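Trainee: Each chain, letter by letter, is given below.
2 protein chains.
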Amino acid sequence: MQSRRKSPRFRREAPEKRRADLVQAAIRCLSAGGMAAFKMERIAAEAGVSLGLMSHYFTDKNELLTEVYQAALYADVNRKIADLDDKAAAGSPAERLCRILDAIIDPEYLKPANLTVWLALWGEIVVNPDLRRAHRTLYRSYLKSLAKLIGTVAEGRRRKVNPVEIARNLQALIDGLFLERALDRQAVDHADFRHASYEFLELHLGPLASPA
Amino acid sequence: MQSRRKSPRFRREAPEKRRADLVQAAIRCLSAGGMAAFKMERIAAEAGVSLGLMSHYFTDKNELLTEVYQAALYADVNRKIADLDDKAAAGSPAERLCRILDAIIDPEYLKPANLTVWLALWGEIVVNPDLRRAHRTLYRSYLKSLAKLIGTVAEGRRRKVNPVEIARNLQALIDGLFLERALDRQAVDHADFRHASYEFLELHLGPLASPA
DNA sequence: GTCCTTGTTGTAAGCTCTTACAATAAGGAA
DNA sequence: TTCCTTATTGTAAGAGCTTACAACAAGGAC
Numbered sequence: 000m001q002s003r004r005k006s007p008r009f010r011r012e013a014p015e016k017r018r019a020d021l022v023q024a025a026i027r028c029l030s031a032g033g034m035a036a037f038k039m040e041r042i043a044a045e046a047g048v049s050l051g052l053m054s055h056y057f058t059d060k061n062e063l064l065t066e067v068y069q070a071a072l073y074a075d076v077n078r079k080i081a082d083l084d085d086k087a088a089a090g091s092p093a094e095r096l097c098r099i100l101d102a103i104i105d106p107e108y109l110k111p112a113n114l115t116v117w118l119a120l121w122g123e124i125v126v127n128p129d130l131r132r133a134h135r136t137l138y139r140s141y142l143k144s145l146a147k148l149i150g151t152v153a154e155g156r157r158r159k160v161n162p163v164e165i166a167r168n169l170q171a172l173i174d175g176l177f178l179e180r181a182l183d184r185q186a187v188d189h190a191d192f193r194h195a196s197y198e199f200l201e202l203h204l205g206p207l208a209s210p211a
Numbered sequence: 000m001q002s003r004r005k006s007p008r009f010r011r012e013a014p015e016k017r018r019a020d021l022v023q024a025a026i027r028c029l030s031a032g033g034m035a036a037f038k039m040e041r042i043a044a045e046a047g048v049s050l051g052l053m054s055h056y057f058t059d060k061n062e063l064l065t066e067v068y069q070a071a072l073y074a075d076v077n078r079k080i081a082d083l084d085d086k087a088a089a090g091s092p093a094e095r096l097c098r099i100l101d102a103i104i105d106p107e108y109l110k111p112a113n114l115t116v117w118l119a120l121w122g123e124i125v126v127n128p129d130l131r132r133a134h135r136t137l138y139r140s141y142l143k144s145l146a147k148l149i150g151t152v153a154e155g156r157r158r159k160v161n162p163v164e165i166a167r168n169l170q171a172l173i174d175g176l177f178l179e180r181a182l183d184r185q186a187v188d189h190a191d192f193r194h195a196s197y198e199f200l201e202l203h204l205g206p207l208a209s210p211a
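Just so you know, the protein sequences line up as chains A and B, in that order.
Its first residue numbered 0, the first sequence is counted upward by one per residue in numbering that gives the first Met the number 0.
Its first residue numbered 0, the second sequence is counted upward by one per residue in numbering that gives the first Met the number 0.
Do not take every clue at face value.
You can't tell identical chains apart in this list, so a pair holds if it fits in one copy or across any two.
With a straight-line cut-off of 27 Å between C-alpha atoms, the simulated DSSO-like cross-links for lysine-lysine are [what the hints assert, rightly or not]:
{"hint": "1", "residue 1": "K16", "residue 2": "K60"}
{"hint": "2", "residue 1": "K60", "residue 2": "K38"}
{"hint": "3", "residue 1": "K110", "residue 2": "K143"}
{"hint": "4", "residue 1": "K143", "residue 2": "K16"}
{"hint": "5", "residue 1": "K60", "residue 2": "K159"}
The set of hints was computed from the structure by calculation and includes no laboratory data.
Model, not experiment: these values are computed from the prediction.
Model the full structure from these sequences, guided by the hints.
Mentor: What follows is the structure, given as structure tokens:
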């Protein structure tokens with residue numbers, strides 16, 4: 000009876016793919032409505048699956064949230080670290096630093112929708128010990144790499160600086176602008192990010208190539 | 000029968016006082032557990048009243064949240080603005096700027112518990128149009144006052160600067176550090192706040208009195 | 001003391017969300 | 001084709017939260 004397989008009622012996916020899809024759907028929900036939109040049923044609908052499937056892939060909401068966190072931060076920050084640690088990368092340390100900075104203030108990354116996700120995650124990190132641990136480990140390692148590169152640049156220029164402090168303050172400045180932008184889209188644009196962050200770095204390291 | 004009034008089962012409070020108490024209790028809840036702890040029943044318990052009283056004072060949760068926002072930000076920011084606009088205040092513009100800055104980075108204000116409240120509110124502002132409008136109005140007026148004072152200082156020193164940008168970036172830097180501190184208490188201490196913010200301001204305005 | 005206003009309590013209806021689980025069917029293997 | 005694994009669905013129990021409301025009582029007015 001060939002005619003019986005007109006159209007399957009649902010599509011079977013490889014577990015890894017489905018899991019990744021669900022996490023992405025969860026991120027879209029977070030982005031749209033913050034933690035208030037982080038509901039199992041809504042996420043299932045966003046992913047186009049039934050509610051029942053959620054509990055098949057995640058034992059509870061917290062597990063999903065942690066996965067979301069890792070998908071959002073891990074992927075992103077680890078990519079930056081990889082760039083930072085890429086000794087084979089072309090160009091001088093200063094040029095590499097500029098490239099990293101450009102990646103950090105990439106408009107695609109700093110768009111308000113992304114910040115909605117971050118605000119939700121930060122709000123959870125402060126309250127959720129599991130997430131907090133994960134965050135600290137990852138973030139410290141990121142800052143360390145950034146500080147190292149800054150230190151290398153400073154050394155090449157015979158400047159005495161505190162790379163750890165510069166890295167931390169640079170990231171704080173960018174995060175703060177990111178926040179202001181999310182709360183009031185007219186408050187900050189990409190040129191502001193660029194100007195503020197380069198100005199800050201050049202204060203400590205001297206002139207950097209500032210393209211565009 | 001005098002003996003009947005042994006001990007009243009509850010105390011009647013003036014509406015304004017009770018309302019303020021409830022808002023303060025709500026802030027304590029936010030501080031303790033973020034939005035997840037922002038539950039009517041919990042807030043009532045924190046304030047030592049029954050759940051039923053909540054709906055007597057606030058038609059719904061959103062109204063309470065808005066009040067919390069105003070109590071947290073309004074009170075605080077408006078106080079700063081008042082200081083800023085206080086022409087009669089003693090001292091030179093530079094001295095007044097230093098006083099304001101010290102108020103902004105007051106350890107009592109930057110403590111992590113406060114940030115938990117702010118993270119929750121920010122997360123809501125991004126998602127809640129009412130709150131967003133309130134925030135923008137208030138925050139813009141705050142930055143405007145701060146920029147004005149910065150402009151006055153710069154003018155007195157014959158420096159050409161962009162006060163609006165400096166004010167915004169200064170606040171961004173502080174907010175960013177505030178955030179880092181909340182996510183990792185060991186990452187930033189009060190001396191870091193002081194050092195970073197004074198360094199930033201002095202870059203644009205020249206030396207400022209930096210006590211202690 | 002008595003009355004009256006209204007701040008306060010206690011309770012429950014109604015809704016939403018999470019979690020669990022049994023039934024179903026897609027899709028590969030043989 | 002037939003069988004088998006398991007991804008997927010649908011549903012419902014159960015918990016928690018918001019909102020509404022009728023009854024109660026504190027405390028001032030007189």
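Trainee: Next, verify each hint and record whether it holds.
Mentor: Status of the hints after comparison with the structure:
For the identical chains of this complex, K16 and K60 are intra-copy neighbours only, at 19 Å inside a copy versus 39 Å across copies, given an alpha-carbon limit of 27 Å. In the homo-oligomer, the alpha carbons of K60 and K38 lie at most 27 Å apart both inside one protomer (9 Å) and across protomers (19 Å), since each shortest distance falls under that limit. In this homomeric assembly, K110 and K143 come within 27 Å of each other (Cα to Cα) both inside a single copy, at 25 Å, and across copies, at 25 Å. Neither within a single protomer nor between protomers do K143 and K16 lie at most 27 Å apart by alpha-carbon distance, with minima of 33 Å and 50 Å respectively.
In this assembly of identical chains, K60 and K159 lie within 27 Å of each other by CA distance neither inside one copy nor across copies; the values are 48 Å within and 53 Å between.
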